[in-house]
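Q: Position chains B and C relative to chain A; hints supplied.
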Amino acid sequence: MALTAALQDGFRRDPLTAVTAGFILAVCVLALIGPALTAYDPLATDPANALMPPTWLRPCGTDQVGRDICARIVYATRLDLFIAVSAVVIALVIGSLIGSLAGFFGGWVDRIAMWVTDTIMAFPLFLLAMGIVAALGSSVENIIYATAIVNVPFYARTVRAEINQRRDAGFVEAARVSGNGPFRVLAFHLFPTTVPQLAVQMTLTMGWAMLNAAALSFIGLGIRPPTPEWGIMVAEGASFIITGEWWVALFPGLALVLVVLSLNLLGDGLRDMIDPRERR
Amino acid sequence: MLAVDGLTVHFETRRGVVRALDRVSLRIAPGEIVGLVGESGSGKSVLSYAISGLLDAAARIVAGDILWYGTPIGPGREQRTTRAAVAQIFQNPRASLNPIRTIGQQLADVAGKRRVADLLRSVRLDPEKARNYSFELSGGQCQRVGIALALGCEPELLVADESTTGLDVTTEAAVMELIGDLSARRGMATLLVTHNLALAAAHCHRILVMHAGQIVESAPVAMLTTAALHPYTAQLIAATPQHCASADDLQVIPGQLPDLAGPLTPCRFATRCQRHAPECDEAPPPLVAITPDHLVACRHPLC
Amino acid sequence: MLKVCALSKAFDGRGWKAQPVIAVDGISFDLAKGESLGIVGESGSGKSTLGRMISRLIQPTKGKILFDGDDIAAIPPAAFVRRPQRRRIQHVFQDAAENLTPHMTAFAAIADPLRRLVGLKHVTDRVRELADSVSLSRDLLERYPHQLSGGQKARVGIARGLASEPALLILDEPTAALDVSVQAAILKLLHRLRIDLGLSYLLITHDIEVVRLMCERVIIMRNGRLVEAGPTRTVLAAPQSEHGRALMAAVPRLGQIDLRRRQSAAFRIMPRPPS
Numbered sequence: 001m002a003l004t005a006a007l008q009d010g011f012r013r014d015p016l017t018a019v020t021a022g023f024i025l026a027v028c029v030l031a032l033i034g035p036a037l038t039a040y041d042p043l044a045t046d047p048a049n050a051l052m053p054p055t056w057l058r059p060c061g062t063d064q065v066g067r068d069i070c071a072r073i074v075y076a077t078r079l080d081l082f083i084a085v086s087a088v089v090i091a092l093v094i095g096s097l098i099g100s101l102a103g104f105f106g107g108w109v110d111r112i113a114m115w116v117t118d119t120i121m122a123f124p125l126f127l128l129a130m131g132i133v134a135a136l137g138s139s140v141e142n143i144i145y146a147t148a149i150v151n152v153p154f155y156a157r158t159v160r161a162e163i164n165q166r167r168d169a170g171f172v173e174a175a176r177v178s179g180n181g182p183f184r185v186l187a188f189h190l191f192p193t194t195v196p197q198l199a200v201q202m203t204l205t206m207g208w209a210m211l212n213a214a215a216l217s218f219i220g221l222g223i224r225p226p227t228p229e230w231g232i233m234v235a236e237g238a239s240f241i242i243t244g245e246w247w248v249a250l251f252p253g254l255a256l257v258l259v260v261l262s263l264n265l266l267g268d269g270l271r272d273m274i275d276p277r278e279r280r
Numbered sequence: 281m282l283a284v285d286g287l288t289v290h291f292e293t294r295r296g297v298v299r300a301l302d303r304v305s306l307r308i309a310p311g312e313i314v315g316l317v318g319e320s321g322s323g324k325s326v327l328s329y330a331i332s333g334l335l336d337a338a339a340r341i342v343a344g345d346i347l348w349y350g351t352p353i354g355p356g357r358e359q360r361t362t363r364a365a366v367a368q369i370f371q372n373p374r375a376s377l378n379p380i381r382t383i384g385q386q387l388a389d390v391a392g393k394r395r396v397a398d399l400l401r402s403v404r405l406d407p408e409k410a411r412n413y414s415f416e417l418s419g420g421q422c423q424r425v426g427i428a429l430a431l432g433c434e435p436e437l438l439v440a441d442e443s444t445t446g447l448d449v450t451t452e453a454a455v456m457e458l459i460g461d462l463s464a465r466r467g468m469a470t471l472l473v474t475h476n477l478a479l480a481a482a483h484c485h486r487i488l489v490m491h492a493g494q495i496v497e498s499a500p501v502a503m504l505t506t507a508a509l510h511p512y513t514a515q516l517i518a519a520t521p522q523h524c525a526s527a528d529d530l531q532v533i534p535g536q537l538p539d540l541a542g543p544l545t546p547c548r549f550a551t552r553c554q555r556h557a558p559e560c561d562e563a564p565p566p567l568v569a570i571t572p573d574h575l576v577a578c579r580h581p582l583c
Numbered sequence: 584m585l586k587v588c589a590l591s592k593a594f595d596g597r598g599w600k601a602q603p604v605i606a607v608d609g610i611s612f613d614l615a616k617g618e619s620l621g622i623v624g625e626s627g628s629g630k631s632t633l634g635r636m637i638s639r640l641i642q643p644t645k646g647k648i649l650f651d652g653d654d655i656a657a658i659p660p661a662a663f664v665r666r667p668q669r670r671r672i673q674h675v676f677q678d679a680a681e682n683l684t685p686h687m688t689a690f691a692a693i694a695d696p697l698r699r700l701v702g703l704k705h706v707t708d709r710v711r712e713l714a715d716s717v718s719l720s721r722d723l724l725e726r727y728p729h730q731l732s733g734g735q736k737a738r739v740g741i742a743r744g745l746a747s748e749p750a751l752l753i754l755d756e757p758t759a760a761l762d763v764s765v766q767a768a769i770l771k772l773l774h775r776l777r778i779d780l781g782l783s784y785l786l787i788t789h790d791i792e793v794v795r796l797m798c799e800r801v802i803i804m805r806n807g808r809l810v811e812a813g814p815t816r817t818v819l820a821a822p823q824s825e826h827g828r829a830l831m832a833a834v835p836r837l838g839q840i841d842l843r844r845r846q847s848a849a850f851r852i853m854p855r856p857p858s
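Protein chains in written order, with my numbering: chain A, 1 to 280; chain B, 281 to 583; chain C, 584 to 858.
Next comes chain A alone, as it looks inside the complex:
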């Protein structure tokens, strides 16, 4: 298909993006099958072996109640990825809907849509997420909803801008002459042209969504212990850094950094690949 060929060509010219894409793919695979491969139970406590430094058997050491950190990181991958992906998908669907209608019809539809998104964007986004979770209660669903709401404006604006730009293009008129009503033109002819930009936006947002979830858990508003999640693990391990048990906080932190960094680099790389193609 044209898309895979284009991607292959792009990856060949930009190895860094190819590497990050491979890494993200590996992380996804880990999220899916990782838990089946870990040697230790992430929730099993073993006070006798508490705070053991990294060894060959336990590459990341154990935490303050003897749980294997490596196993917890692997299990947390699933949760963190789930939160990020769900939040992004929800934000994408709602934001695209709002943005498409606003960009295509203009007028009062546009004005109301922009009023809503401007209101959301007026708040510092993390504080808004915090507020939503605090109001609704700490649970995985609420973190997802809070993150999704906070990200809707970015998608709405991206889609609105793209559609507005192409609204009077020749192919739109041709689609109308071919018998497509306004909604069909929007859905089948205009909206797919925004997909490349959306793909870039998605990868970038996913990194932020993950950080958001981790940060909320770090301050105690998100996931509750003993569920393994990178943010909580960093929070719990923070107090042990001073006493010299650096591995409790470092490894989950490293996992978070690597994944978010890869997502950001992938987003940048995709944008570079896609933009020149757009300007044909």
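Worth flagging that the hints you see were computed from the coordinates, not collected in a lab.
Fair warning: there could be bad hints in the mix.
[Stated by the list, open to error] Straight-line alpha carbon distances no greater than 20 angstroms define the calculated EDC-like cross-link-like pairs of lysine to aspartate or glutamate that follow:
1. LYS771/C x ASP529/B
2. LYS771/C x ASP528/B
3. LYS771/C x GLU792/C
4. LYS647/C x ASP708/C
5. LYS586/C x ASP779/C
6. LYS616/C x ASP779/C
None of these values were measured; they are calculated from a predicted model.
A: What follows is chains B and C alone, placed relative to chain A:
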């Protein structure tokens, strides 16, 4: 004045090596208006850029040279060693002007403030327009400013690369008339690069026809339009609406332009030519003078 | 078949100038079945706007468009999509513009009106038939627009326009961006199709020579107004209007090397029309 001798230019691209120009040779005398006619992909823009010294860094001169009064000058920006008085005007006049500076400021950059009014008058624009921006002027007026900018360099050769494409017919006529007039008064030579054979025929002394990077014919206008010798030129004329009485008379040139990155026959028109013979594939046809003015690169010209 | 009466279109002014821009001002003409009418004008003459009004993409401000007796100007563009007249009037756009949806293959582009206007479920055979009728080779059907040449894209646009078997085809600068040899092929194709299928053409162009070959009658527009109308041969040989004469004089002719006559004609042209 200007001589191009066997110029062969290749471009390195992702698809491979594009052999854009193949042994191109031409001469322009002072004061002459020469038309360079070809379809898209014929290499006429590459040639005009080479002459103006604007070729991309990706271009590689494989053979040949460009000579200005006998001195070789490089075709690329970096390679230009001698100052040749060549100026160029471009296709989209509005796009070649800076939108955030006035016309007067841009002219002053090239020619100095004192000459701005004179330059505008010489292209038949009101000197008051120096205070306008490019978006306040029409396409034809922008192109006149482009000409004024080119004239500001006091060129001996003006290269006009598709400079009237996209302009209305009446505007085009006015711009071409201006170029002709300036050319006559200043003794300035002009290279008119266009895909419109009729336009070249109406305004040039001599026409060069290009196909797929090769010059296939060079002749004075009258001879070209009445007695073209190269099969491609003849077919080009037969495909022009002006030449036909009805749509049924239009001739379609068979085949397509060859891919310049792929394998090429020595005569690049061979695959589309109805007069093709085995000897056409042996070696590239040399540019031969049938009469002193009329040169053809063909082993079986129409006689 | 088509009768246009006093059609006008005024656009709201933008920016500083609040006055409306009158793009088309009281144009009237008619078109018989099987006839080809050329609409000639320079940029800013309103010819494209006129074409768009007739294919019901834009709503006229004033006037009537009688198509087989019905005034279709009264139907707003949004509602026109569902009317039976939609499939009888089709529009082929300027090929230089991106008139093919970038993510749809040539096949999908041609199949679109078949599904929407004709209501066909199994479109493959008909799409192939249409591709053959415009001399587009079948293996090009799977390509995307950016993989097609200018001439091939033009053919896809024409095939798409023919899909619903229209009676009237509005052609807006169909060969403007094409090379001479490709233009010749497309013009021949359009000419043959009109004869074979009994179509009527409204050919909008700035190129007078194209009109001479393709159209029986011609109207000349300037600044939104109709300045001259008549049979092509008559108008081109002896234009009555000043603008018509200026246009004829300005066209470069292949065999004509008389510069002086053209020079003087070009300078009798009035100042640039307001944009």
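Q: State for each hint whether it applies.
A: Status of each hint after checking the structure:
1. LYS771/C x ASP529/B: 9 angstroms, holds
2. LYS771/C x ASP528/B: 6 angstroms, holds
3. LYS771/C x GLU792/C: Holds: LYS771/C and GLU792/C sit about 14 angstroms apart, inside 20 angstroms.
4. LYS647/C x ASP708/C: Distance of about 38 angstroms is beyond 20 angstroms: violated.
5. LYS586/C x ASP779/C: 24 angstroms, violated
6. LYS616/C x ASP779/C: Given pair LYS616/C, ASP779/C holds - Cα atoms ~13 angstroms apart, limit 20 angstroms.
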